[in-house]
Each structure stands twice: as structure tokens, then as C-alpha cells.
Amino acid sequence: MSTSRRDIPAGAAVVTGASVATDSAQAEDSASSHDHDPDHGHSDVPSDMALRVKSLESLLVEKGVVDPAALDAVVDIYENKVGPRNGSKVVARAWIDPAFKARLLENGTSAINEFGFAGWQGEDMVVVENTPTVHNLVVCTLCSCYPWPVLGLPPTWYKSMAYRSRAIIDPRGVLRDMGTVVDEDIELRVWDSTAQQRYLVLPERPDGTETLGEAELAALVTRDSMIGVTRLGVGR
Amino acid sequence: MNGLHDCGGMQGFGPIGHVADEPMFHSPWEGRVCAMSRSVGLAGKTRVTLGLRWGIEAIPAVDQVRMTYFEKWFASLVNRLVECGIVSPEEVARGQSDPDKRMISTPASVAQAIRANLGRPDGSTNTAAKPNFEVGDPVRVRNINPVTHTRCPRYLRSRTGIVVKHRGAWDFPDTAHITLAISDRHSPLPAEPDHVYAIRFPAREVWGDDAPPTDFLYADLWERYLERA
Numbered sequence: 029m030s031t032s033r034r035d036i037p038a039g040a041a042v043v044t045g046a047s048v049a050t051d052s053a054q055a056e057d058s059a060s061s062h063d064h065d066p067d068h069g070h071s072d073v074p075s076d077m078a079l080r081v082k083s084l085e086s087l088l089v090e091k092g093v094v095d096p097a098a099l100d101a102v103v104d105i106y107e108n109k110v111g112p113r114n115g116s117k118v119v120a121r122a123w124i125d126p127a128f129k130a131r132l133l134e135n136g137t138s139a140i141n142e143f144g145f146a147g148w149q150g151e152d153m154v155v156v157e158n159t160p161t162v163h164n165l166v167v168c169t170l171c172s173c174y175p176w177p178v179l180g181l182p183p184t185w186y187k188s189m190a191y192r193s194r195a196i197i198d199p200r201g202v203l204r205d206m207g208t209v210v211d212e213d214i215e216l217r218v219w220d221s222t223a224q225q226r227y228l229v230l231p232e233r234p235d236g237t238e239t240l241g242e243a244e245l246a247a248l249v250t251r252d253s254m255i256g257v258t259r260l261g262v263g264r
Numbered sequence: 149m150n151g152l153h154d155c156g157g158m159q160g161f162g163p164i165g166h167v168a169d170e171p172m173f174h175s176p177w178e179g180r181v182c183a184m185s186r187s188v189g190l191a192g193k194t195r196v197t198l199g200l201r202w203g204i205e206a207i208p209a210v211d212q213v214r215m216t217y218f219e220k221w222f223a224s225l226v227n228r229l230v231e232c233g234i235v236s237p238e239e240v241a242r243g244q245s246d247p248d249k250r251m252i253s254t255p256a257s258v259a260q261a262i263r264a265n266l267g268r269p270d271g272s273t274n275t276a277a278k279p280n281f282e283v284g285d286p287v288r289v290r291n292i293n294p295v296t297h298t299r300c301p302r303y304l305r306s307r308t309g310i311v312v313k314h315r316g317a318w319d320f321p322d323t324a325h326i327t328l329a330i331s332d333r334h335s336p337l338p339a340e341p342d343h344v345y346a347i348r349f350p351a352r353e354v355w356g357d358d359a360p361p362t363d364f365l366y367a368d369l370w371e372r373y374l375e376r377a
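Chains as they are written, first to last, in my numbering: chain A, 29 to 264; chain B, 149 to 377.
Hints were generated in silico from the structure; no laboratory data involved. Bear in mind the structure is a predicted one, so any value in this text is a computation, not a measurement. Don't take every hint at face value.
What the hints assert, rightly or not - Label-pair restraints from in silico Cβ distances:
#1 A:P126 to B:D358: 38 to 44 Å
#2 A:V73 to B:T254: 34 to 40 Å
#3 B:E238 to A:V73: 24 to 30 Å
#4 B:A259 to A:P160: 45 to 51 Å
#5 B:V213 to A:N135: 48 to 54 Å
#6 B:G267 to A:V73: 38 to 44 Å
#7 A:D125 to B:D246: 57 to 63 Å
Glycine residues also receive a C-beta, built at the ideal position from the N, C-alpha and C atoms.
Okay, chain A solo, but in the shape it has when bound (with noise of 0.2 Å):
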């Protein structure tokens, strides 16, 4: 793209592209907008999407579809109410408290509600153990489901072509890709979310960490090993 969207006046970039966004202004749009901001967004002129964007919430807030401050409060759920740390502390909970766990894998919307976690994306919560036989690992080859109330929202990795398209036809060596070796003879299961249902991988607890409390065990839970990616105190 040699123009870029700077040099015209806000108004007309607005109106190119805003009422059919699939038609292929829209494309030229993003794609130039990737070029001129390749970092999504970190420069100080605004962008042409966020122009677009802000344009259409006065608009919706003039119909009286959305009000600002309900926005605002939705931005900071997901910025940070939710997130990683939320399915932290329920795996270290399941990994000292085995009646818990066993609420957990049984029905894992209410055991993870016993900590106030719910929420959209989150209506049929489904655990599933990794065991020294059984390795699990989490995708969505439709689009991005994802545990939001748990994870918060996924990553941009997970929601990649390149994840979703591979993660079920070359499971083991994405797996590899991530530094995560699951040795041939254990069964690898791979969830696809088409459905309602959310997935959150219990991962094996590391060894060595038999003295630490579920503070501190929580703090060595992260992400990917709920996905399913990686193991905890194993490769990466």
C-alpha cells in the first residue's frame, strides 16, 4: 500500500468501507492499516479502525443501543476482572484438595463457581486431567472459543488459522513447536470446541512442589498449560 490512510481527512476515511464492511474497501482498509500500524495500533495519530470504531459506538449511543459507561465496564471485565489467574487458582485448589477436584471433573461450572467465576463463554465448564497416561490439549477450529471467565480472552496465537488448522491433524508437533515433548506411548486427546462447551486443562502438578501452599502453587500454573500446550516443570 504506498497511500496511507493518514492523508485523507477522517470523514472520508469513516465512510469508505463503513456500511458493507465485507466488500473490498474493507479490505483495503485493513490491510493498510497493517501497514502503517503494524504494532495494532501504538501511534499517535488514530488509526482508520479507530476512527470507525469510535464512530460507530456515537452512533449506537445516539440510537440508544449502548451507553459509553456500560462499555467502559465491559472493557475493564475483560482488561482485568478475568484472566489466567482466575483458572490459576482452581487448578491449585484441585491439586491440594481432592474433593474439590473431584467436584471439578465431575461438573466444572459449579465446582469453579465455589470461587465466584462465571460469566460468558463459561455456561458448560468441562475439566479435563492430564495424567501420566493421558495428555489433553484445548482448540477451536471454527473460530475461538475459549474459557473466558477462567483464561480471559485468548490469545492471538489461539485464535491463528495456523493453531486452529493444526492443532488436529498435527497435534504432537505443535506440541514440539512449543517446546512440549508427549512421549509416543501416552494418549493424546485433542478437545475441538464446537459446542457450548469450554474447556480447562488440569495440568499434572510438578514435582518437587509437594511443601508449597496453594498461593504459591497457583503462582506456577500459567496459561498454556491450561490450553494444553505445555506442561508445567516439563521443556519450555
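Following the hints, complete the assembly by docking chain B onto the known chain A.
Here is chain B on its own, set in the frame of chain A:
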């Protein structure tokens, strides 16, 4: 729809690009798109199931490849708002409401927005129909190619697996989106609950004998996608 989004098993997308950590939103506008997408369906009179996934799937394949995740959400949001009659293309282009079409609704309050995102949601729904399959039953995924939204991935069609769990009944996604496309504006979608099962497929059944015998694929599939094997 056999669209590009249904990419399970495709090859040639390059490296996964894993990074250890990244912000939830890479730019403030991504957060606004996420928040608007989560909020428009909660507004009083405009209460509609927007079908934002279908909106993303309907983006032409060549554009899908080039667009970032939240660019696709935004495109889908705009298109679905227009298709549902909540805004007009002219209003979107201007960024201003027609004077006689202002305040068509009551937006969700802060408390409603928090409840919709962090409250305990409804679980499975009810259906009078009895489940046709039991744990242990062999089932084959029907060879279907719907032109609508569907949650039956291509790579599993005609493949045989075993029922490992009944997940309860959940609204059937395919017809919900057909209905939206042809329904009167703003009318709620009729729910069509159908039983969902977790199915276990040997990787060799799906990918052939080169796949490791120790690998298994699991998917949650609606009964209407399945037939007795």
C-alpha cells in the same frame, strides 16, 4: 458453510506465532468493539441474537485472511446491525443517526452489562425429545454441507466415533441463523433445542494410518449432525 473459517486439518498457514504474553486488547478500539458486540444484544427494544459468528463466516475468504481478529468482529457487528435493521448503511457512513430514528431503544446499564458478562449464565436448555444415543454408541457424522452457519466441522463429516458423554440439550445453531436471515426485524429467534454429545474419534479414523494410534479427537456435536453407525 464450507468457509475458510472451517480450517481444521488445512495445511499451509505457516508458523503459529506463539508469544508468552500479550495484552487482552492491543489497542483501545479493540476493547470498544468487544464491548459493543457484547452489549448491543442487551438493549431493550433491539433485543436480537445477532449471530456475530455467522457474520464473520460470511466475510469473503480473501478478506478473512487479511483482516485481524477484531477487524472481523467489527465488520460482522456492522453488517449484522444493518441486516437486523438497527442502523442503516447511511447512518453508519455518517456516524450519525437519522433525526427521526434516534433513541430507538434503552441501552443496557452498567449493572446489566456486568451481570451479562460475569453472572452465572443459563446452562443447557430443555427439550421434550428423548436423546437417541447413549454413551458407548458408535455414531457417524452425517455428510452434510449446509450453506448457513453450522457447528459441524468438515473434517469430521462421514467419520465414525463413539459417544462418550451426553451434554444435555442446547439450541441448534444452524437453524437459528437461517431464521435470523429471513425473519422480521427484531423478532426473537425460536429456540430449537437438540441433544449434544461429546464424541471421541480415533485420529486414524479421521486422518488415516499415518496418524499415531494413541491420538484421539473429541468434538461436541448436536444430534442432528449424527446418525447411528
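For each hint, the structure was consulted:
no.	hint	in the structure
1	A:P126 to B:D358: 38 to 44 Å	40 Å, holds
2	A:V73 to B:T254: 34 to 40 Å	36 Å, holds
3	B:E238 to A:V73: 24 to 30 Å	27 Å, holds
4	B:A259 to A:P160: 45 to 51 Å	47 Å, holds
5	B:V213 to A:N135: 48 to 54 Å	40 Å, violated
6	B:G267 to A:V73: 38 to 44 Å	39 Å, holds
7	A:D125 to B:D246: 57 to 63 Å	59 Å, holds
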